[in-house]
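Q: Chains as they are written, first to last, in our numbering: chain A, -4 to 142; chain B, 42 to 597; chain C, 19 to 366; chain D, 111 to 331.
Read the hints as simulated data drawn from the structure, not as lab findings. None of these values were measured; they are calculated from a predicted model. Any given hint could turn out to be false.
One side of the interface only, derived from the structure: several residues of chain B facing chain A at Cβ under 7 Å [what the hints assert, rightly or not]:
no.: 1; residue: Thr118
no.: 2; residue: His300
no.: 3; residue: Ala367
no.: 4; residue: Gly369
no.: 5; residue: Thr539
no.: 6; residue: Leu542
no.: 7; residue: Tyr544
no.: 8; residue: Asp587
Note that the Cβ used here is the ideal one computed from N, Cα and C, for glycine as well.
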Amino acid sequence: MAIANESRQEDRNMREEHHGAGRYWVIWAALLVLTAITYVTGRMHMPTFGLLLALIIATTKGTLVALYFMHLADHRGANRLVFAVSILFVILMLIAPLADVGTRYRGSNPPGSQYSDLQAVDIGANAQQGRYGGQNKPDTSEQSEGH
Amino acid sequence: MTPSSSIAAPGATPAHEEHHDHHPSYLVDGTTIRSWLLTVDHKRIGLMFLFWVLLFFLVGGIFALLIRVELLTPGPTIMDAMTYNRTFTLHGLVMIFLFMIPAIPAVFGNFMLPLMLGAKDVAFPRLNLLSLYIYLFGAVLALWGMLNGGLDTGWTFYTPYSAHTTTTVAPVLFGAFIIGFSSIVTGINFIVTCHTMRAPGITWFKMPLFVWALYATSCIQVLATPVIGLLLVLVAVENISGIGMFDPARGGDPMLFQHLFWFYSHPAVYIMVLPAFGVMSEVVAAFSRKNIFGYRAVAYSSLGIAFVGFFAWGHHMFVSGQSTFAAGMFGALTMLVGVFTAIKVFNWVGTVYKGAVDFKTPFAYFCGFLFFTVFGGMTGIALGTVSLDVAWHDTYFVVAHFHFIMVGATIMAFLAALHYWFPKMFGRMYHEGWGLVSAALIILGFNATFIPQFLLGNNGMPRRYYEYPERFQALNVASTAGASLLAFGFIIIAMYLTYALVYGRAAGKNPWRSKGYEWLTESPPPTHNFVGPQPTYPEEPHFYVDPKKAEVPDAV
Amino acid sequence: MSELLNNILFLPEAASTFAERVDMLHHFVVGTTMVMSAGVGLAALFFFFRYRRRLPAQATEYVVPTLKTEFLFVSVPLVFFLAWFGIGFRDFTFVTTPPKDSMDVYVMGKQWMWKFAYPEGPNGVNVLHVPANRPVRLLITSRDVLHSFYVPSFRIKMDAVPGRYTQIWFEATKPGTYQVLCTEYCGLSHSKMLAEVVVLPQEEFDVWMKEQRRGRLQDRQDALADTSLVPPVARMVEQGQVLAGTQGCLKCHSVDGSQHIGPTFLGMYDRVERLQDGQDVRVDEAYITQSMMDPGAHLVVGYQNVMPTYQGKLQGPETAAIVEYIKSLRTPNVRESASEGPAYDAIQ
Amino acid sequence: MQSSVSTAGAAAPVPRLAMHFASLEVQNHAARLGMWLFLATEILLFAGLFVCYGVYRFLFPDAWAASSRSLDLTLGTVNTVVLITSSLTAALAVHYAKEGKNKAVAVQIALTLLMACGFLVIKYFEYSHKFHIGTLPGRYYFYEGIQLPGAPLYFTVYFFSTALHGLHVLIGMAVLTFSMVRALKKADFGPNNYTMVELGSMYWHLVDLVWIFLFPMLYLV
């Protein structure tokens, strides 16, 4: 007594074509080429677009892995939705704190950072303390304030 | 959506009386301890969850009473400051992680979801059992930590305090981390069940609204819980070894901790309250014998709350040093969550319109719930109004607001569900009179407990205060008095329900004459839910129209 | 009217410009909330009564909302909520953007007290003096964990984050004394971390400020003919702090109350200590100076004689500067209740 | 729906259909959807670290560039290549499982495991170098070469994310070992029964996917 579940459409979405193994080798080669490119450009230490470029290449590689190694190209419907939503949430989750840090009152950002006018204080060079925290000074009145 | 009323056959009648003897109910199908502890039956797992969840509710409730007694006088009353700080932390932790989050999904969700979808079980029954044991393991670890030194950070674990406190942070955090897995597993299970296990006839927009609510809840559980898991591990490691991820002395940002914390913990509020909304959609439809007014609007608003609720977290941080711009962004998104909740409220009231109301215990809880949700929700909007929150943040106004939502909405729904589905789960009826009396006591006691706390917050009393200036005393005494009334109500419930469990009269298959899908099988259901052929579901749930004059307009 | 509403809602007296602004919205929002809850509740009650069940298995009509109804359900709350957000965000921007001419006060929270400091002194503990009708910007920081500076009568609150500054401003409208509470959980005595704001009329504030700046320095050194030759106290404290670091004092003495090889400087000055020979001594300038020059002379119970002498390593003014620095770290003990009067110590 | 596999193995054993599923297709679909959901939680787990990374990189760009250069880019790239190749063999294992070639499945998984071990060994050398020169998280940092505020934070993020990733490598290895043992002992993978290999390999691809992003984030700032 099989339960004929209402998931026919999803089953259609799940249909997988069986491809030859050659396809995986092609993807692999593409991934290696992209790795080589990112290695070379990474060596150049481009100042502003270095990380951006590297991340674009990484996204391309990630898409290839997800689509063909993980068969997202074949798994449609809910599977794609799940993956897409998780990526969307990662992006949105990143944007909000960055927007906060970038627009905060500058005194509220970690001292010594790009968005703060306060000097980081060297809190000691020994192994137990680590270096360059924003250790607050014992008395506030001496720290420069950021307007 | 047009219900296919042309099919004259009633929904489904799979169970025949003559089969009944061969298919014992799930309660008696196997009576050994082993048959309970190693069961993969969603109903038995739901019942075991019910047991543990109620136990932890009792523990959390005792902590709550201790807090209220301590606050009777401005100075020390029954405990010292450290004990008090641990007590409110444990109250928060037990209530949130051990009671509130699993309460409705893991108990009633587990029990009802397959029944409502016409399925024999959830998609992954063994994972379902695993989630129970993960939950218990995490609970044991957390409670062990609580007993061995306790934790005094408040349930929010804000750094840098949690990184430096000498109380046992790490075991409790790891315990909460493990409980998170249980929540994730339940979420995955429910989502997959909704996608793959629906019986013929149950299309997406014929799923009962409780299922929709659970679906939205599960989405939140799956997407948000991993983040708090990571964060708890980070804080635990920081507390143990000082790696300095959020240590302001090394450039770390405590506000980043708050961002990540509330990325989970704000949606967690919807993990707690969305199932409550779902339960109430069922209860109001069943007891006013009406289809839900604006079914699609309610279903979509569940998803809307789940999605928008994710991006409103910054309203917990308006005065934390967050930027004004971010505060504006989060403030505006908070308002949207309010709109989605308003849609639900209006549609519930609309459901009663032209209905046939039977004022039974679950419905009494619905009345309380409606008031608490509106008042709690609107005060939530008030708190989300950026400038007002500057004064209210971290005062008793906040405490009162979230208790209105968590106790007012969720526990009312939990009790309504317990009463509504009691005959479904156990096949017995409780005493209706006592039910109404205790419902009245609880609703009154609840108001008496928390309305003074709103006023306390207005007056400026901060939360987590062991001692307080004397001008706050009168309202605190009022609140404690209300809490004792509330406790009394719970004791009555415990007594008559326990009595009904043993001596209650047989309820019959469908004592409420409800047309929810879960009532189409026996009460209590047999082990695999249905006897005989696979039921089909031509009608939408809660379709109470007289078939003879079934002229139905198009729904929105 | 507003007074009456404030009394019903238990709101404390509104004593700042922001409080007056925000109370209007408060009344609007809370009023709407109550009307709405009552409205929904009454509508529901009416329906329960009007549509009570007459037959056990009564059939009902199939009622679904029209698009217009649903639109109404969405748009009415949305309009209200967005209006509140608009007004609220305007006020929030107001309170987080201090005017250019505001007076700065540094606020530091620490477990469990509030320290206040004006840019040119004085500084003090648990009582903040501000002039009425003048914008005051608070630059708030913390020394240990998160705290939150909350003045109910001003309706302002801002977290104190260690190692960072947050800012908020207010303009007090009425002279008087207002309570300050800590609203971010900060450990054992979180609920005892109270302070107060004393709002003085501008003239009185100026007088107070002048007195504080002269302070006890004047009393002590009034024998000196020319006070202008004395280095400013604030400079001396600063110098003392630098010296304490460079001379290695801080290797053994902490300044945050934690115990180390030597006693902490925090709150050391003016304390009475039991010596190893059984006598009591008050830690004053003389004792501190002697302890630097001849550390073993009078040891306090519980400490080893391990400190090297600074005889010849420190010049006279340097010794004085370190003494001043230690004096600046004196703290009254955490009080059980809000203070009764000014607790300021002028830096001498 | 039976046509979902084009090259059917002749005597492919059919796996047990759980009593509550309608058909094998639905059962496999459920397993796959469940796996995707689980992978989504894994992505969100790492997302927490990505946010920490993003915020601190945004605040301390110079320290992060300098710290990133103290890593060995060549070793990182070699590790990337190793992991990508192991992903290829994992994908091929699924391919052969569908064709019922159980021997080939075992060989491909063994290759994957071998490369996973290689990855961990290289990671070990990178770690021990850092322990040696003192580029360690938070208060353990004692490297004199980079004296910029924020540098210890970089290594907090570095160690936490690579350790978490390493943990996932270990879990992935355990999962794949199960499939390998089954391919060797029972040898019952075939066109109707390859879900176990498929899910294990999906997990392995996720491990690869995370590394593909960690690599530029950590090595190529």
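Q: Checking hints one by one. Is Ala367 of chain B an interface residue toward chain A, by the C-beta closer than 7 Å rule?
A: Since chain A brings a Cβ to about 4 Å from Ala367 of chain B, closer than 7 Å, the hint holds.
Q: Less than 7 Å between beta-carbons is the criterion; does Asp587 of chain B satisfy it with respect to chain A?
A: Where the cut-off is 7 Å and the nearest Cβ of chain A is about 28 Å from Asp587 of chain B, the hint is violated.
Q: Per the CB criterion, is Thr539 of chain B less than 7 Å away from chain A?
A: violated, 37 Å
Q: Quick one, is the Thr118 of chain B hint okay against chain A at 7 Å, beta carbons?
A: violated, 36 Å
Q: Answer holds if the nearest beta-carbon of chain A is closer than 7 Å to that of Tyr544 of chain B; otherwise answer violated.
A: Check failed: Cβ of Tyr544 of chain B comes no nearer than 38 Å to chain A, outside 7 Å.
Q: Can His300 of chain B be said to touch chain A, with a Cβ gap under 7 Å?
A: Holds: closest Cβ of chain A sits about 5 Å from His300 of chain B, inside 7 Å.
Q: Given a cut of 7 Å on the nearest C-beta pair, is the interface hint for Gly369 of chain B held or broken against chain A?
A: With a minimum Cβ separation of about 10 Å from chain A (threshold 7 Å), the hint on Gly369 of chain B is violated.
Q: Would the hint on Leu542 of chain B stand, with a C-beta cut-off of 7 Å toward chain A?
A: At 32 Å from the nearest chain A Cβ, Leu542 of chain B fails the 7 Å test, so the hint is violated.
In summary, the numbered hints that this structure violates are 1, 4, 5, 6, 7 and 8.
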